[in-house]
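Number of protein chains: 2
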Amino acid sequence: MKALLLVAHGSRRKQSNSEVVTLSEKLSTKCSTDFPIIKAGFLELSSPSISEGVQQCISEGATTVVLLPYFLNSGRHVVEDIPNIVKSIQEKFTAVQIKIAPHLGASDLMLDLLISSAKKV
Amino acid sequence: MKALLLVAHGSRRKQSNSEVVTLSEKLSTKCSTDFPIIKAGFLELSSPSISEGVQQCISEGATTVVLLPYFLNSGRHVVEDIPNIVKSIQEKFTAVQIKIAPHLGASDLMLDLLISSAKKV
Chain U
2 MKALLLVAHG SRRKQSNSEV VTLSEKLSTK CSTDFPIIKA GFLELSSPSI SEGVQQCISE
62 GATTVVLLPY FLNSGRHVVE DIPNIVKSIQ EKFTAVQIKI APHLGASDLM LDLLISSAKK
122 V
Chain B
2 MKALLLVAHG SRRKQSNSEV VTLSEKLSTK CSTDFPIIKA GFLELSSPSI SEGVQQCISE
62 GATTVVLLPY FLNSGRHVVE DIPNIVKSIQ EKFTAVQIKI APHLGASDLM LDLLISSAKK
122 V
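Chains U and B, in that order, give the protein sequences.
If you read the first sequence in my numbering, its first letter stands for residue 2, the second for the next number, and so on.
If you read the second sequence in my numbering, its first letter stands for residue 2, the second for the next number, and so on.
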């Protein structure tokens with residue numbers, strides 16, 4: 002069973018963290034066929050942590066966990082921090098496949114999204 | 002004449018900043034009819050600053066500058082920092098209209114983008 006973990010940086014501002022959780026809930030309504038389990042996890046400043054998020058997915062029966070970095074740029078968090086965390090979780094849970102999806106800035110759809118937002122004002 | 006200023010946080014990692022500039026160049030090829038001038042500006046850690054970016058737009062003839070926050074969440078940068086910077090620039094350039102577009106996380110297209118990225122692995 003496949004799980005999706007939306008991974009955000011985490012903010013001191015509670016509302017930002019709630020937005021991420023709300024987004025993961027919206028995702029559940031749109032792609033539960035592909036991903037029967039969908040959770041959110043935070044790199045820092047909020048909980049659950051990425052590791053806790055992955056473990057929640059596993060405890061609900063996930064055999065594959067896809068981490069989706071909710072990050073725009075290929076900064077240090079995307080290039081180093083998240084892969085390092087995944088490596089250490091993967092060593093603990095060898096029976097579960099943990100993958101990392103491309104960060105959002107790498108998507109072809111980003112240009113359309115930018116243009117749509119720019120035209121809103 | 003309308004200008005679009007893609008506003009990113011800025012990173013210590015040069016490649017992240019280059020990605021933003023590249024994205025602003027790609028935008029130029031896709032929406033130059035709506036926005037004949039398209040630039041990038043950074044909140045911190047890179048240049049041009051937001052203020053310098055707006056001034057570049059104005060010096061090229063912009064009468065309206067739309068700031069497009071390349072941010073996912075409504076964190077402090079989106080809610081306070083960028084509006085405060087805009088307020089102070091607006092006071093200097095009263096003949097130019099400076100607007101702020103919604104941040105990316107507010108877009109309906111974000112769910113489609115997330116699902117598309119998640120399915121890539």
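Hints in this document: simulated from the structure, not taken from any laboratory.
Bear in mind the structure is a predicted one, so any value in this text is a computation, not a measurement.
Don't take each hint at face value.
Repeated chains share a single entry, so a pair holds when one copy, or any two copies, can fit it.
What the hints assert, rightly or not - Below, computed lysine to aspartate or glutamate pairings styled on DMTMM-like, alpha-carbon distance capped at 20 Å:
| no. | residue 1 | residue 2 |
| --- | --- | --- |
| 1 | K93 | D35 |
| 2 | K120 | D35 |
| 3 | K31 | E81 |
| 4 | K100 | E81 |
| 5 | K27 | E81 |
| 6 | K15 | E81 |
| 7 | K120 | E53 |
| 8 | K120 | D109 |
| 9 | K93 | E26 |
| 10 | K3 | E26 |
| 11 | K15 | D82 |
| 12 | K120 | E26 |
Task: Numbers of the earlier hints that this structure fails to satisfy, in rising order - done: 1, 3, 5, 7, 9
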